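**Student:** Take a look at the letters that make up each chain.
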Amino acid sequence: MIELLTGMLTTALLAGGVLVIGALGEVIAERAGVFNLGVEGLMALGAVAGIVAVAHGAPALLGLLCAMLVGAAFGCVFAAATVLLRANQTLCGLALTVSGSGLAAAVGQSYSGHPAASVFGTVSIPILSALPVLGRAVFSQNPLLYLIWIILPLGLHALLFRTRWGIDLRAVGEDPAAADAAGVRVLWVQFAAVVAGASLAGAAGGFLTLAYINSWSDGVTGGRGWIVIALVIFGGFKPLNLVVGALLFGLITALGFVGQARDWPVPPAVLSMLPYLATIACMIVPPLLSRRSRTHFGAPASLGMPYFREQR
Amino acid sequence: MARVATIGLPALLLSRLVSVAFALCLGGTIFALCGYNAPRLAADVVAASFGDLFGLEDLGLIWSPLILTGLAVAVALRIGLWNIGGEGQFYAGAIAATLVGLHVHAPLGAALVLMALAGFAAGAAWILVPAIARAWLAVDEIITTLLLNFVAALLVTYLCTGPLRDPANAVTAASAHIPYEIPSLLDDLHWGLAVSLGLVGVVALLYARSIWGYEVRLAGANRHAAAYAGVAVRRRIMEVFLLSGGIAGLAGMLEVAGTVHRLEGGISNNFGYVGIMVAALAGASPLAILPASLLMALLLNAGIILQSYGVSKYAVLALTGLVLLSAAVGERLAYYRPAPRLRPAA
Chain A
1 MIELLTGMLT TALLAGGVLV IGALGEVIAE RAGVFNLGVE GLMALGAVAG IVAVAHGAPA
61 LLGLLCAMLV GAAFGCVFAA ATVLLRANQT LCGLALTVSG SGLAAAVGQS YSGHPAASVF
121 GTVSIPILSA LPVLGRAVFS QNPLLYLIWI ILPLGLHALL FRTRWGIDLR AVGEDPAAAD
181 AAGVRVLWVQ FAAVVAGASL AGAAGGFLTL AYINSWSDGV TGGRGWIVIA LVIFGGFKPL
241 NLVVGALLFG LITALGFVGQ ARDWPVPPAV LSMLPYLATI ACMIVPPLLS RRSRTHFGAP
301 ASLGMPYFRE QR
Chain B
1 MARVATIGLP ALLLSRLVSV AFALCLGGTI FALCGYNAPR LAADVVAASF GDLFGLEDLG
61 LIWSPLILTG LAVAVALRIG LWNIGGEGQF YAGAIAATLV GLHVHAPLGA ALVLMALAGF
121 AAGAAWILVP AIARAWLAVD EIITTLLLNF VAALLVTYLC TGPLRDPANA VTAASAHIPY
181 EIPSLLDDLH WGLAVSLGLV GVVALLYARS IWGYEVRLAG ANRHAAAYAG VAVRRRIMEV
241 FLLSGGIAGL AGMLEVAGTV HRLEGGISNN FGYVGIMVAA LAGASPLAIL PASLLMALLL
301 NAGIILQSYG VSKYAVLALT GLVLLSAAVG ERLAYYRPAP RLRPAA
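Chains as they are written, first to last, in our numbering: chain A, 1 to 312; chain B, 1 to 346.
If we strip away everything but chain A, and leave its shape as in the complex, we get (with noise of 0.2 Å):
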C-alpha cells in the first residue's frame, strides 16, 4: 500500500507538472487576451527540441533551454500572425498544432525510441528524504519540481495580481481599448504575452521528454496541450488553481498507470483513456453544479477577439 502511493505519487507530479507548466503559460497569453489554441503542436516541438539537443551533447538542463527557444520561437510567429495581423485566433491555434505536431515528428522520426542521451537527475534533500510515502515522491526527485509546482505558480500569481505589468496585461485581455487609452501599449503586451506562454509551453515539452517520460516518441504529447487549455479553464485563469487541477490529473494519470502494472482486470487501453475522459467531465460537471461558471466564469472578457484599435 505504501509502495503504491509512493509510486503513484511519484509519477503524479512528474505528469502532472508537464501540465502546471504549459498551464502556466496558457495563462499568461489567455490573459493577455489571446488564446492559444496551438500548445500541443508548441508542446511537441519543444518534446524533440529538447531531444535533438541533449543527443548533439548538451546536458539535459541546456536541452530544456533550447525547448524553451523553439517554443518562444514559435510564439513569435503565432502572435505575428495573431496579434499584429489579427488573423482568426482559432484557425491560427489549429494551424500551429497541426504543423508543429508534424514538423516535430518528422524531426523525431531517427530520434525515435532511444532513451535521451541526458535526463535529469533527481536530488534527496537530507533528513526529509527519509520520511514514509513523501520521502521518495516529494523530497527525492528532480530539483526542478520545487520551481514548477511551488516557485512558479506563486511567482506568476504574484505578477498577475500585485505588480503594475500584471495590471497592465489583464486589463489588456479585459478591455484592450480601455487599456489602451490609459496608454497601455496593447499589442506590444500581447505579443510578450503570447511568446512567454508559448515558451512555457515548448519547455513543458522539453520537461516531457527529459525528465518525465526520458525518450522520443510518434505522438509523445498525447494531447496534453489539449488538457492543459481545459485546465486553464477549469483552474478559472488562476495560476493557484491550475497547481491543484493539476495534480489532480497526475494522480488520474498515474492511477492508469499503476493500474496497468498491477494487472488490473481492465484493458490498458482502457485505463489510458482515464486522464482525457477525466477532463471532459472536468469541463461538464463543474457548470452543471453551479449557474455562475456556466458563463465561463473568470474569462478574460476579450478573449480571443484581435484588437482594433480605429474600431473603439
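Bear in mind the hints are in silico, worked out from the structure with no lab data behind them.
Note that the structure is a prediction, hence the values are computed from the model and not measured.
Note that CB positions come from ideal geometry on N, CA and C, so glycine has one too.
Treat each hint with caution, since some may be false.
Label pairs and their in silico Cβ distance ranges [stated by the list, open to error]:
#1 S215(A) <-> S210(B): 49 to 55 Å
#2 A32(B) <-> G304(A): 32 to 38 Å
#3 S215(A) <-> L26(B): 29 to 35 Å
Quick look at which bits of chain B chain A covers, simulated, 3 or more residues with Cβ under 8 Å [to be verified]:
#4 158 to 172
#5 239 to 248
Residues of chain A clear of chain B, computed beta-carbon distances all greater than 12 Å [stated by the list, open to error]:
#6 T82
#7 A87
#8 I229
#9 P268
#10 V285
Take the given structure of chain A and dock chain B to it, following the hints.
**Tutor:** Frame of chain A; chain B shown alone:
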C-alpha cells in the same frame, strides 16, 4: 493602408488563392533548403496524381473521406461552433460499421445500408455528450470534441488487439476481413465518392433553401437575435452537431466498407484533422468544400508519393498546417486597401 468593413467574394477567393500559393512556395523553399529538388518533386507529384488513371483513382480514394470530414466540420461551423472531433467520430463510425459487417448476415445492399446507418449513428453518438454540454452548459466544444479523438483511437486499439482481433493475421493488429464491399465505380475507386458528392449537394441545398438551414445560419450569425426571433437555438445546436458527427461517422463507414475492408489502428489517417482545414479553407460553405478537399487530398497524396523520396510522411502534415495559417492571415489582409489619398485643400 485602410481597413474596409466588408469584402466581396472575389477578394476572398483571391486571398485564398494567393495564401495557398504562398504557403506552398514557402514549403517548397524549406524543402529546397533541406536539399531536395523542390520543383522536380512538385512536378513528380502532379504527374503521379493526374498523369494516369491509377493516380487519379488514388487521389479519389483520399478525396472522398476528406469531402465528408470537411463537410462535417463545415456543417457545425455554420452555427458558429467547432467540431474538432471528426477523427473520433470517424473511428466510431468505422467501429460500428465493422461490428455490423462482421455480425449481420444479409444481402449486400441491405448490409451496406445497415452499415451506413450504424456508422452515421455511431458518429452522432460520439458527439452527443459534447453537444449536450455545449447547448445547455456552454462548455467549450473545441476541447471536449477533441479529447474524444484520443478516446476513440484507444478504443480502436483495444478492439483490434482484443475482442475483434483476427487470429489468422499475425502481422498487424486488425479485425477480420468484412465480407461486404462497396461496389467499385472505376477499378479501385468505389461508390463512396459519389455518395460523398451527393451528400455535399444535399447539405448545400438544406442550408441554402430550407427553413431549418436558415434558422441555423441565423443562430450562427447572432445567437441572441435568433433566440429573440423564436429560433430554438439549443435544439438547432443539437441537430447540427448530431448531423456533423453522423457525417464524419459515415466517412468512417465508407473507409471500412470501401477501401480498407477491416478495422485497424490508424484507419482514420488524420482525415478528421485535415477535414478541419478543409472546412476552414472553404469558409464553411458546403460547395467550396469540393475544391478545398481536392487541394488537401492532393497534398496528402503528395505526402504518400514523397515518402518514396525519403521525405517523412509527417512533413506534409506540417505543410497543411502552414496552408491553414497562411489562409487565416490572408483572409484578414484581404480587408486592407490602399488608403485614399488626401487631397490638399484648394
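**Student:** Against each hint, give a clear statement of whether it holds in the structure.
**Tutor:** Verification of the supplied hints:
no.: 1; hint: S215(A) <-> S210(B): 49 to 55 Å; result: holds (54 Å)
no.: 2; hint: A32(B) <-> G304(A): 32 to 38 Å; result: holds (36 Å)
no.: 3; hint: S215(A) <-> L26(B): 29 to 35 Å; result: holds (32 Å)
no.: 4; hint: 158 to 172; result: holds (count 3)
no.: 5; hint: 239 to 248; result: violated (count 0)
no.: 6; hint: T82; result: violated (9 Å)
no.: 7; hint: A87; result: violated (4 Å)
no.: 8; hint: I229; result: violated (6 Å)
no.: 9; hint: P268; result: violated (8 Å)
no.: 10; hint: V285; result: violated (10 Å)
Of the numbered hints given earlier, the model fails hints 5, 6, 7, 8, 9, 10; all others are met.
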